[in-house]
Structures are given as C-alpha cells and as structure tokens.
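Chains as they are written, first to last, in our numbering: chain A, 1 to 261; chain B, 1 to 111.
Derived from the structure by calculation, the hints contain no laboratory data. Possibly wrong hints are sitting among the right ones.
As the list claims (entries may be wrong) - Label-pair restraints from in silico Cβ distances:
no., chain 1, residue 1, chain 2, residue 2, range
1, A, 98, B, 49, 20 to 28 Å
2, B, 65, A, 31, 53 to 61 Å
3, A, 105, B, 47, 18 to 26 Å
4, A, 185, B, 65, 48 to 56 Å
5, A, 185, B, 68, 34 to 42 Å
6, B, 52, A, 46, 37 to 45 Å
7, B, 52, A, 236, 18 to 26 Å
8, A, 105, B, 107, 47 to 55 Å
9, B, 50, A, 151, 50 to 58 Å
10, A, 113, B, 107, 43 to 51 Å
11, A, 116, B, 65, 39 to 47 Å
12, B, 55, A, 230, 33 to 41 Å
13, B, 49, A, 155, 43 to 51 Å
Backbone N, C-alpha and C fix where the C-beta goes; we use that ideal spot for every residue, glycine too.
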Amino acid sequence: MTADHVWLYAVVSADGPPLPDTSGVAGESPYLVPGPGVAAVAGRVPRADFDEEPLRARLEDVAWLDRTVRTHHRVIAALATTRPVLPMRYATVYREDSGVSAMLSAHRDELLAILERITGCTEWGVKIYLAHASSALSDSDSVQPADEQRPGTAYLLRRKAQRWDRQETLRLAADEVGRFHGALAATAVERARHPLQDSETSGRREPMLLNGAYLVADEHLPTWEKMIASFVADHDELSVEVTGPWPAYSFTDLGGRPEET
Amino acid sequence: MSDQVDWNRASPLPATRRTSPAPQPANLADLLERVLDKGLVIAGDIRINLLDIELLTIKIRLLIASVDKAREMGIDWWEHDPTLSSGERDLAGENKRLRERLHELEARSGP
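Here chain A stands alone, though its shape is the one from the complex:
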C-alpha cells in the first residue's frame, strides 16, 4: 500500500508516442501503466483526498467537482490529439499500479477491439430543439374572439385546440428529427441516443427533441457536415446544436454496442 492512489484517465495503445505534458486532477503529471498491448494513462493522487470517504466528501464540493471534471477531460482531450483514446469514466481510482495492470490484462482483447473501432474517428454531439417554441406554440387568445354566449365552453374548446396543435407540432417535429437521426446514424460508425434533457439541465427553454452522439470516421466528416448544413437550412423551426470533436466518450462499452434508447 502506497501513500498515493491511482486515478485513471484513459486506455491507449501500449506503443504510442510520449504523453503530452499536462497536469491532472491533483496537479500531478500523468504517467503510463503498461499492460499487454494496451496501457492506462494514470495519475498518482494523494490517498488522503482520493480514498473512498474523502473522495465522496469532495464530490459534494461543487467547485472541486467542476474543476476536476474539466481537468479529467483536458487530460483526455490532450491525449486524443496524439493517438486513439478510450476515455475512462470520471472517478475510476485504484489503490496500486498492480491493480491497473491486472485490469488491463483481464480485458486486453476487449480494450484492443474498442481502440481499433474508434481509431480514425471522433465523436460528435447533435442536440435538436424545437425553436421559438414559446411563440409558435403560445396561447392564441388574442386572435380568437370570445363566444359571448358560452364563454366557458368556448374557452375549453380553444384550450383543447391549442393543446392539440402543440402536441401535433411536437409529434411532427419529433418524426422529422427521428428520420434525420437515422440518416446521421447511417453515415456514422456508431451512434447513440442519449436521454433528452429537460430545460434546467440543457439551460435552454425550448423542448429538446434529439440528444444524439455519433462516432464519425474522419473521411466521412465532409459528408456529415453537408448533411447537417442542409438539414439546418431546411428547418427554420428547429434549433440544431452540434458539439465536437469529442474523444469517444459515448462509445466505450466493453463487449458491445452502446444502448439505443
């Protein structure tokens, strides 16, 4: 047992170039833990902060969490500029290098298979929202004259019509977005539909219709860009948000394809 624990950032091929000069979640310089054909990029982090109890306590500290999430990503992103990278889930911690080596040996074949699959590819996120939702779907009271004889009934009918409009608009948009996801998926090596985020999480008021992730081969990127540009041009009613290139975070499942939800 050493005074340090081992925080994992990523799994890479064992025969890659030297590690980029970055600092990790504890300000440490990441190093390689070699395994058979694969290696882990790891950082020595103080046990006092990263043992189970103190780490759990630290995760409650939002500022610390924010900083370490970004640092974890920055180390992975730096690696990704120099070689194929299999990102580890945040907060994967071992007590010793030997545990890491044993893990690499135990999963060697699967890790090599994922690395091979993501080589020459980058992950792209596509989120689509129903734009101008508040105006397109807003109350149309102002344009509808009230039925003075039966105000209650007229109101209820009007509300019903609005609700139907709103549901119908959402349904049509969702269908259109679903078809687009299919087209993007056909161009991608892998795809995943992540759960839709609510407004509080997405930070946007419009309803989210797609939260997709796509693993795109470098040679298909021009086609990919054209598809998105033409979809955007044809759909004023939708707001399309594209992020990337990301390391292949969403495509690292051992022994299988990511779930399609």
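Dock chain B against chain A, hints included.
Quick look at chain B alone, frame taken from chain A:
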C-alpha cells in the same frame, strides 16, 4: 500549464441555428454528460456512486453564476491570491467563456 488543449475547440459546423455561425463553446451539460456519465466503466478499487448528473449540472451552473455575480460585485480576491490562483489561470479563462455562454443563455431565455 504548458499545454493549452482547448476543449471548447470550435466546431466547424453551425453550432447553433439561432446565433451567428461563429464557434460556440461546448456547453456545460454536454461536458458533464460525457465526463460524468460516459466513458469506460471498469470497477476500480474505490467505489464511488456519483449523484444524479442532471442535478450536478444544475449545481455547477449555479456555482458559475454565483462566481460571476461575486466578480460583478468586485469580490475577486481569489484571482489575486497566488495560493488559490496558481495553476488555475486556465480555470479563470474557462469561467470567462462559460460566463459569456451563460449571458448568452440568459439573453436567449429572457422575455
């Protein structure tokens, strides 16, 4: 920090339909969704269950907003305290970008 890998690396694609085609930073929810909820899961020796990441996203957004607020009020001592700011200058840069992003989000969701 010697390397300056920019995780906000601009997308060559139109980042959002409703804003200019200028590069947009990846949003916070995108980053947290990936770093906290994706990536290779292999049981380590230390077992940690993360809280609901949607809740964490909201909490971090609030934190950034409050840091922003404090700075507006002139409370920025941590930026000048070497023990607090050393090695974290990049964080200030990121906060700046996030602040801009937040303003944009606020402007967008305004009445």
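We went through each hint and held it up to the structure:
Distance hint check: the CB atoms of residue 98 of chain A and residue 49 of chain B are about 25 Å apart, consistent with the given range 20 to 28 Å. The hinted range of 53 to 61 Å is not satisfied by residue 65 of chain B and residue 31 of chain A, whose Cβ atoms lie roughly 37 Å apart. Range check, residue 105 of chain A to residue 47 of chain B: about 21 Å between beta-carbon atoms, so the 18 to 26 Å window is met. Residue 185 of chain A and residue 65 of chain B have their C-beta atoms about 36 Å apart, which leaves the hinted 48 to 56 Å range violated.
Checked against the hint of 34 to 42 Å, the C-beta distance between residue 185 of chain A and residue 68 of chain B comes to roughly 38 Å, which is consistent with it. A beta carbon spacing of about 28 Å between residue 52 of chain B and residue 46 of chain A contradicts the range 37 to 45 Å that was offered as a hint. One distance hint, 18 to 26 Å for the beta-carbon pair residue 52 of chain B and residue 236 of chain A, is violated here, with the actual separation near 35 Å. At about 53 Å, the CB distance of residue 105 of chain A to residue 107 of chain B agrees with the hint of 47 to 55 Å.
A hinted range of 50 to 58 Å for the beta carbons of residue 50 of chain B and residue 151 of chain A is consistent with their spacing of about 53 Å. The given range of 43 to 51 Å is respected by residue 113 of chain A and residue 107 of chain B, whose C-beta atoms sit roughly 46 Å from each other. Hint check: residue 116 of chain A to residue 65 of chain B, Cβ distance near 43 Å, so the stated range 39 to 47 Å holds. Hint check: residue 55 of chain B to residue 230 of chain A, Cβ distance near 37 Å, so the stated range 33 to 41 Å holds.
The given range of 43 to 51 Å is respected by residue 49 of chain B and residue 155 of chain A, whose C-beta atoms sit roughly 49 Å from each other.
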